[in-house]
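Sequence lines, in order, name chains H and V. All the letters of the first sequence, read from the start, carry residue numbers 1 to 480 under our numbering. All the letters of the second sequence, read from the start, carry residue numbers 481 to 923 under our numbering.
Note that these hints are calculated values from the structure, not bench results. A hint or two may mislead.
[As the list claims (entries may be wrong)] Selected chain V positions facing chain H (in silico; Cβ < 7 Å):
hint, residue
1, I531
2, N553
3, T554
4, T555
5, A561
6, T576
7, I667
8, Q670
9, Q675
10, Y678
11, H740
12, R744
13, M850
14, G851
15, D860
16, A921
Note that the structure is a prediction, hence the values are computed from the model and not measured. For each residue, glycine too, the CB sits at the ideal point set by N, CA and C.
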Amino acid sequence: MSVSTAIARETLLDTPGLSEGHLTQVMDRLLSRQVDAADIYFQYGRLESWVLEDGIIKEGSHSIEQGAGLRAISGEKTGFAYTDSLELPRLLDAAGAARAIAQAGQNGARALPAPAAATQLYAPINPLDSLDELQKIDLMRRADAAARSADARVQQVIVTLVAAHDVILVMDNSGRIAGDVRPLVRMNVQVIVEQGGKREQGSAGGGARQALDFFIDDDRALGYAREAVRQALVNLDAAPAPAGLLPVVLGPGWPGVLLHEAVGHGLEGDFNRKGTSAFTGRIGEQVASTLCTVVDDGTLPGRRGSLTIDDEGTPSGNNVLIENGILKGYMQDTMNARLMGVAPTGNGRRESYAHLPMPRMTNTYMLPGQHKPDEIIASVKHGLYAVNFGGGQVDITSGKFVFSANEAYLIENGKVTRPVKGATLIGNGPEAMTRISMVGDDLALDSGVGTCGKEGQSVPVGVGQPTLKIDQLTVGGTAA
Amino acid sequence: MSHPEQIARLQQVVEDLLREARQQGADAAEAGVSTQTGLSVTVRLGETETIEHTSDNGLGITVYFGQRKGSANTTDLRPEAIRESVAAACRIAKYTSEDPAAGLADPALMARDVPDLDLFHPWDLSADEAAQIALRCEEAARGFDPRIANSEGATLYTQRSGFIYGNSHGFVGGYPTTRHSLSCAVIAEQGDEMQRDYWYDSSRMPGELASAEAIGRTAAQRTVARLNGRKLGTRECPVLFRADVAPSLLRSLFGAIRGHAVYRKSTFLLDQIGVQIFPDWVSITENPLLPRAAASAPFDNEGVATAYRELVAGGVLQGYLLDSYAARKLGMQSTGSAGGVRNARIASSGQSFDELVREMDHGVVVTELMGQGTNLVTGDYSRGAAGFWVEGGEIKYPVEEITVAANLRDMFRQLVAVGSDDDIPGSIKTGSWLFERMTVAGD
């Protein structure tokens with residue numbers, strides 16, 4: 001039994017007084033109809049957040065999220081109920097409600113246990129305690145001071161610091177019990193700068209499945225402060241962005257949100273099982289230029305999007321989605337994998353015990369290519385160089401995706417010239433991927449800031465890519 | 481189950497919490513407790529797909545030691561979790577700074593009575609009955625047109641909630657609410673092309689929900705209408721935001737006049753009270769006391785009495801959206817806006833949707849917006865869009881993969897008309913918005 005599973009058992013079973021016999025009783029209730037699969041998911045969550053604003057520690061907040069979610073699956077049907085109490089009678093009630101999806105009759109199958117040898121990708125720590133309160137406050141104050149001393153035009157600084165401690169335990173109908181202890185920390189610096197009555201904002205931050213020391217190491221917190229100020233000042237000087245079809249060079253790292261939107265969501269197993277994705281039925285086909293190899297990799301140690309096991313107990317994987325432009329596979333949870341006759345890929349994730357799992361991304365990125373970033377920019381006569389983005393969105397079915405730049409520059413005659421205002425870029429996923437004509441050798445992952453929303457559920461994710469060029473993409477500026 | 485009787489139990493929880501906070505040394509405290517139960521049934525391709533029983537509790541407490549503040553919340557309402565939360569809030573308050581603006585709302589502003597806004601109309605529905613309604617909805621959508629080839633399903637969701645808020649001024653108030661919704665999303669196929677769209681309705685009272693068949697048909701109609709979408713050449717032209725996407729423009733306005741954005745000077749509408757920000761025919765109001773409406777509330781999240789209010793009159797901004805914190809930061813008074821705008825409405829300039837299409841003559845009707853390209857600090861606006869191309873005052877064909885861009889300050893000032901077609905679900909009542917000129921980027 002892994003250290004994480006031992007901690008999870010103690011927190012979620014021993015403390016509330018649940019024995020294995022109790023769990024078997026609840027599982028038997030879930031399986032007392034024609035159920036193909038079932039699971040019980042226990043969660044203990046604590047989160048603490050602090051806000052510095054106007055140079056003072058303005059707010060702090062502590063959150064408890066705790067409960068169990070019970071699921072019964074029969075064919076394509078799912079019954080689900082959850083409870084915020086870990087007492088046996090409430091668990092049995094929830095099991096009774098969840099199994100109602102299935103026909104009465106013979107009892108559900110007990111599956112053979114699946115192997116669950118997962119490599120621990122982060123230490124099973126409680127990051128809320130990883131610094132004491134005075135150290136947390138000092139860290140935030142230093143980031144505030146770094147932002148204010150970076151430039152006299154800084155008017156407002158907001159620093160947030162968040163630490164989350166999640167302990168989960170999942171038991172499935174094979175009797176397998178797997179647990180995970182998931183630390184997650186996040187820090188952000190947001191600034192407003194003003195010059196001659198004109199105001200702009202900048203924001204930078206990072207995060208990881210680590211202790212809060214992460215932000216002290218390598219002076220990361222101070223780096224966020226300086227980066228937020230730099231971005232805001234660039235935007236003070238920005239001219240209106242161009243409008244129309246242009247070559248677009250995307251910088252390394254966070255601009256990988258392109259991949260998350262343009263292909264990632266469309267390769268989630270649920271949409272493909274239902275035939276509602278623009279990528280449905282296209283495995284083995286060319287869906288991107290031959291320069292593109294895209295993976296979803298939940299196994300990177302300590303990354304924000306990484307998971308030792310997913311929320312169904314499956315070890316996460318390094319899954320190749322697209323290899324040299326050819327579509328290789330989808331991301332799966334257990335239900336969609338079973339219905340599509342493939343293996344689960346460790347992508348079954350849920351926001352909390354009160355949500356159903358579904359196929360979700362972990363860390364999605366493109367592998368590096370051959371070109372130097374300079375060569376890529378030099379190859380563009382007139383285009384856009386976008387290095388920082390806000391969020392994005394995709395219509396899975398039509399393949400249309402958008403993502404909004406918040407730091408971009410014009411490329412004129414092979415040189416990066418003036419900054420332009422943020423603009424939304426829009427394209428069609430498969431088309432845009434086919435138009436990737438140069439891929440840099442400078443793969444970078446984002447700094448640990450991503451949160452992905454799907455059907456109302458948020459989960460932490462990572463993205464990354466090398467510098468790359470898309471031959472044409474619609475840029476939604478205002479300058480003709 | 482959340483029944484009016486349960487409100488009494490929640491009230492006890494809140495009073496216990498406030499007492500516990502005082503015992504731990506807090507000078508002032510406020511607490512809110514909510515509970516919700518619901519049933520969500522999704523059908524897809526004629527079969528029940530998921531049955532979800534929802535049941536959520538939440539408790540939040542904020543304590544004040546002088547001008548220092550600490551907060552905590554929990555989904556676990558057992559006494560030990562409540563004690564842990566109060567202790568955590570008190571511990572945090574030891575480390576936060578003295579903040580002159582921190583504190584409860586002004587006691588003089590507390591709601592004196594809590595009017596019954598008729599928000600509780602439970603729907604006693606079994607999972608089977610819910611599935612039957614959802615099935616009728618999806619069937620109406622799938623039967624609407626042979627090109628409806630696939631479905632994401634139809635979902636019926638019904639929930640009942642209870643909520644109590646109290647603070648150490650002695651204010652305690654709460655009320656039960658219900659919400660019921662029915663939605664449907666389908667996929668149309670033609671050749672290699674696939675398009676998806678949806679429709680929904682939601683209401684406080686089961687009987688006020690649009691019929692399952694009508695929702696299904698509208699979902700199908702919207703989906704089929706997107707087939708054969710074309711791109712547009714990049715241009716400047718008139719743009720009409722159809723009523724179902726127009727609420728997002730009002731939400732941008734509300735984001736820009738939020739007190740927190742104003743005191744942080746992070747809004748393009750800084751210092752604009754009393755200034756003409758829309759043409760003189762524009763009137764925007766909120767009415768939190770509307771019976772049975774989606775966002776009705778007799779008091780805000782700090783116990784402040786809510787009231788009918790003009791936000792924009794004669795095109796002139798009348799005030800900000802202030803909770804007590806932002807109000808104190810700005811030297812103003814709370815407007816009962818903790819928790820947001822409730823039941824906003826923009827008055828129509830009189831034209832129907834068809835009249836607006838004729839009036840614009842040519843341009844883009846936007847029926848879908850994508851992405852987050854709204855910068856409230858500068859007003860810069862650039863969104864992904866889909867819709868229809870209009871020429872000669874008539875809708876000609878669907879368009880997609882375009883962006884619409886401008887600055888919100890200019891857009892608001894140059895608003896041409898707001899339609900009378902405000903029959904849309906949700907808490908914001910608006911018709912379609914016509915703008916004379918935006919940059920439309922395509923190929």
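Tested hints:
no.: 1; hint: I531; in the structure: 5 Å, holds
no.: 2; hint: N553; in the structure: 5 Å, holds
no.: 3; hint: T554; in the structure: 4 Å, holds
no.: 4; hint: T555; in the structure: 5 Å, holds
no.: 5; hint: A561; in the structure: 6 Å, holds
no.: 6; hint: T576; in the structure: 5 Å, holds
no.: 7; hint: I667; in the structure: 6 Å, holds
no.: 8; hint: Q670; in the structure: 12 Å, violated
no.: 9; hint: Q675; in the structure: 6 Å, holds
no.: 10; hint: Y678; in the structure: 11 Å, violated
no.: 11; hint: H740; in the structure: 10 Å, violated
no.: 12; hint: R744; in the structure: 5 Å, holds
no.: 13; hint: M850; in the structure: 4 Å, holds
no.: 14; hint: G851; in the structure: 4 Å, holds
no.: 15; hint: D860; in the structure: 6 Å, holds
no.: 16; hint: A921; in the structure: 4 Å, holds
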